[in-house]
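Produce the complete structure using the sequences and hints provided.
The residues making up each chain are set out below.
Protein chains: 2
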Amino acid sequence: MSRLLRRAASLATAPVSALALALALTASGAPLHAQAAAEASPVGENMPPLYADEFARARAFVGEMMEAGVVVPQPRDPGGGYTHEQHKRNYRAILLAGQLYRITGDRPYADYVREMLLAYADLYPTLGEHPARSNQYSGRLFWQVLNDAVWLVHAVQGYAEIRDTLTAADRERIDSRVFRPAAHFLSVESQSTFDRIHNHATWATAGVGMTGYLLGDRDMVDRALLGSDKSGEAGFLRQTELLFSPDGYYAEGPYYQRYALMPFMVFADAIARNDPDRRIFEHRDGILLKALRTTVQLTYGGYFFPFNDAMKDKSLRTEELYHGIAIAYAQTRDPALLSIAQMQDRTVLTPAGQLVAADLAAGRAEPFPFRSMLLRDGPQGEQGAVAILREGEGPRHTALVAKNSSQGMGHGHFDKLSWQLYDNGHEIVRDYGAARFLNIEAKQGGRYLPENETWAKQTVAHNALVVDRRSHFDGKVKPASAVAPEQLHFSDEPGLQVTSARVDGAYTGVGIVRTLVMADVPGLESPVVFDLVTAESDAPHSYDLPLHYQGAVIELGFPVESHVAARPVLGEDHGYQHVWVDATGRPDAGDGALTWLLDGRFYTYRFATDGATQAILGQVGANDPEFNLRREPLILLRREGAGGTTFATLLESHGRYDGAAEQTVASRSRVAAMRHHRQGGKDIVVLTLKDGGQVALAVSHDADPAARHRATIDGQQLAWTGFAAIVEIGRGGN
Amino acid sequence: MSRLLRRAASLATAPVSALALALALTASGAPLHAQAAAEASPVGENMPPLYADEFARARAFVGEMMEAGVVVPQPRDPGGGYTHEQHKRNYRAILLAGQLYRITGDRPYADYVREMLLAYADLYPTLGEHPARSNQYSGRLFWQVLNDAVWLVHAVQGYAEIRDTLTAADRERIDSRVFRPAAHFLSVESQSTFDRIHNHATWATAGVGMTGYLLGDRDMVDRALLGSDKSGEAGFLRQTELLFSPDGYYAEGPYYQRYALMPFMVFADAIARNDPDRRIFEHRDGILLKALRTTVQLTYGGYFFPFNDAMKDKSLRTEELYHGIAIAYAQTRDPALLSIAQMQDRTVLTPAGQLVAADLAAGRAEPFPFRSMLLRDGPQGEQGAVAILREGEGPRHTALVAKNSSQGMGHGHFDKLSWQLYDNGHEIVRDYGAARFLNIEAKQGGRYLPENETWAKQTVAHNALVVDRRSHFDGKVKPASAVAPEQLHFSDEPGLQVTSARVDGAYTGVGIVRTLVMADVPGLESPVVFDLVTAESDAPHSYDLPLHYQGAVIELGFPVESHVAARPVLGEDHGYQHVWVDATGRPDAGDGALTWLLDGRFYTYRFATDGATQAILGQVGANDPEFNLRREPLILLRREGAGGTTFATLLESHGRYDGAAEQTVASRSRVAAMRHHRQGGKDIVVLTLKDGGQVALAVSHDADPAARHRATIDGQQLAWTGFAAIVEIGRGGN
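Residue numbers (full-length UniProt numbering), protein chains in the order written: chain A, 1 to 734; chain B, 1 to 734.
I should point out that these hints are in silico values taken from the structure, not numbers from a laboratory.
Mixed in with the good hints, there may be bad ones.
Any copy will do: because identical chains look the same in the list, a pair fits if it lies in one copy or spans two.
[To be verified] 16 Å max Cα-Cα, derived EDC-like pairs, lysine to aspartate or glutamate:
| no. | residue 1 | residue 2 |
| --- | --- | --- |
| 1 | K312 | D658 |
| 2 | K312 | D599 |
| 3 | K312 | E662 |
| 4 | K230 | D219 |
| 5 | K682 | D702 |
Here it is in structure tokens:
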């Protein structure tokens, strides 16, 4: 056993938490353990708890890695495979061992990074295209160039911590056989990726730029900042200008925003230290810090809204955001960021991370101000928007999200004007996210599954209007990217929050307007959601409005024909081939309602109909021979042949089921009937409550807050002011 | 506003937690609030936290009830309906207001109980059969007599607290118009229920007996203790002897055990106080305390094993067990019970509850010793058993449950020798439990659904062997109740835990033996589960072995024919009509494997086959027009035509998927192939690992621990001692 390995073994068995550390110091362990703990204690003892945990976690991980010895395998596997995961472990180990060396001054950590990088120096120059590449963007160490960039972003930070401990010869060898060629590969050999305005390029420019700072290579830095030709048309600075909207929204959606944010924040932090005159955190009105806060706003219960190709298990508890929060806090000292760090229960082993941990321990955290907001999309905020409406506080509050944003490039879904609802800690009106098992080899090597194209991206997989059973823009990215919705109205007025948007071009000759109102309605539990979807067209079409819900069906307001003994499929293509049909019905006026139960709360989805609307109850999972899809339920409202049409629906949450106490309250909707009237471009939705009262949502679609409007329903005058209002008609009605 | 109501209003708005109480005392609230809080403080301040919470919760609830005024409606609705829920709220209010009066001495609480009971005195004598009764056991206040008994058990305890505050006239009126007729209704008018050996009778005898103690009516007490004829052939004491096995197992299963336990414990507590010479808690070797501990053992993650007609959301956090734990702790001072109270985060407003809270606050809790155990079923332990095998500690430990018990009366399922597996905090191999939405009116008034008979009770709905596609005992309770399995072997030896049982009579001419082994196997992650199911028969039969799993399908080891565009149903009856068929395959030897993923952990279910076994992948939900069933997956192994057969399967848990860190480890099984050999009544299961090693499970079925056994597999000798062993064959094998 070499001295390094012996030392590694003692580090690996050192305690992994602050508590364990404290115990080890008082208990009489084996001499080696005690010695290791004692050596570590002067450093560990003065750390604030969150930082101490991170320190202990890093020591445990790096200790294990050191005990296993340096393992730098010949690249072979795709995502999730052995060599892929080993190179990921290695870059984490390089970064963390470097940070541990900075904190502890323990030479074995520096030696380990040196040995690891010397092994890479042997391997790296021998590499060509990756054997598991699946497209033109092959990496060297990994199957795609993106992962090589991520490797560099991590490794260069670890290298920076130990580079001055090396002999000139070792330094020269590692510089010239690892970091320079890696930067060259990313910025020159993969120039087309490097000069894109895309998150892959952000990782690449960050890796290359930070390498440039470390090696003192100004050319490298400038190419990273300004693009290969240093014109500023590409490169990191341009990315901060084009990839985020003025509200800090990232066009690909929150899942990718979270991922993109790490190189943005980490490289910006390096720029601030090396080129302070650039005032990078003030660049474009502080766009990077705004983007960080917006990323946090795009969550419910800590989980990102799963727009586009998103993995639904991604939350704020993710490596990228540990860095982001720490860097942003060091810049701003915003106490609300501390509560996010508290929720993450993690930080990073940098001075910024130590500051976060110390201020958290000092009780400086304040709640993060989650609120209703409109986030414009597009570099100038001109490509639609994402509207977030929130009511209530805390982990069970209600949040509505309307996705009126641009296509979001190749990972975008064809879901114009789609929406989601969260309540009671759950996703109630769902978005499927991506069809992918990330890093699971048996599932197409962990890549996107075929069903991501055939189902997850299709319009019918979303809560979005489908015309003639074809996806928006016929499911084609190029025309979809040329068109963005227009946000018509937004109001965060408490008790009557509104978002309204329009899209033209999703279908030839059909304009779509969707207005979502989250309102407090007298006589109903708060809040309820009204949804008005109008298709404007002169020609006859077939219109389908799916709602992807979650829960156990409790009650249907109408009779259905059930396919109980052989289950047919809803259609042939555009995602319809993946829906089993359980039952279909054509409710009479007033009967259009479905009640389900989720985690002790009842939800009734009600739709106005005159008997001409067909309701189809289905389940995802048809034409899925590999069991790639989640078997989730949906209800689809269908109108055939109409020129234009309006779907008016209501989502009412009500009651409570407590299985432990065996108590049930208000399991049934309080609404007896719902009708929709359209008069001169105004929408009136009249609810008749079970207690006999009547109340209406009146929508003028006129953004002027002072404008007065009237409508006559069944001989009764309704008057209101502004875009939308809740109007009490009174008991009994007519 | 009457004085009582004013006082109620102030009580209702008083703070609901100890923390809120503390805040109210320091903040300057509205005078009324401050006054109420101040009045309450001398009492609340000295309470241990758990008891203080309970006190605050009771004050809030009773305050709300008092503010609403006394509401005693004419009985009308079934379970979940308004009058049903109101009478339930009332008995809670009577009990809690009585307890609050005892604790605080505040007269309005006593007055409220008095007013409530006087309202019942007006109503009760006017009542006949309940209008919503569904069978011969109609109640008066509720649709079934059981609920009337529950009402009495609660109400008499509340009445006991305030009875001495009443005028003689009020006392006489309430005694003679509420409690005497309620006891008479339960014990005389409903004598057939009262004299049963059944949990309904336990509630009835408890209510009647406690009423007898309160009213000083020895006849009433004796009939409750010894049955209507006081012979001891029926009544409470006989119930303690016949309803629990010597190991404290209750024949209907844990869900009903939990429910039955409350009247057992509460009445026993009353007996101990009123008839101390009976030494009720020592009766039959301390059976009641044993039953309480056994109830706790029958859980995973706090949730009861869902045997028979069980609601799966039932956990230790249930009213009945707050009473049970407090009473048992007062009797035993067993510190392990304190950790259960801690997990419940609840107790009761009795001196026993106060003791629990105080000792918990004093740090006296110790972990509850969950462990492997055999729980014999039947009054003499002669009717089979439930075997629990556990490995590991804490909320993610592994637990296997084998249900080799008796039928469990009318709520029993036809699932002889079925099993379940829990791991990583989840139910991995599932039991459906009951098909019911308890107390949800829209779902058949909250009663058992038709699918409880057609699906949930049927054999195919369980992890149990089905012969000729018919349920055990043809799905008939009477013959099923006449037969019990025989537990052949049980071992809780660490690393090699075994349960083996046999049942005859489930099918004419077919004996079934099932051996489950939870073992640590060199080369595999621990533990794995081997399952050997042998059907002994001379005549040809069709054999189906379902496994109800939970998770996302990751990998199938064999090609299947998929029903991707029209989904057929598995069969016509005995539950088969509720299974959609997704795909079928007939794996070659060595290929029988299905891998799924649940909450970051992979599971591979592997079965030995020689190519003659058909594997059917299905989903529950066919012939379910009311959407009453959960849409859960299963795999069913089928062998046709054989005389007898043995299914040998392996459940291997492996690897880890971490979505946050995007790390995946060991997503694929470590087993390359599995073969099963049967030699002279011995079973040998040989695993060939992917690293080339071979290891076997050898089962002699001979319980003699010293007996030595041999078998020859492929020319290689295996030798072992005892019932079962893991034998390493070595690398490469032959």
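Status of the hints after comparison with the structure:
1. K312 - D658: between (27 Å within a copy, 12 Å between copies)
2. K312 - D599: between (19 Å within a copy, 13 Å between copies)
3. K312 - E662: Result: close only across copies, 12 Å inter versus 32 Å intra.
4. K230 - D219: within (9 Å within a copy, 101 Å between copies)
5. K682 - D702: Within one copy only: 9 Å inside a chain, 82 Å across chains, cut-off 16 Å.
Checked against the numbered hints given earlier, this structure breaks none of them.
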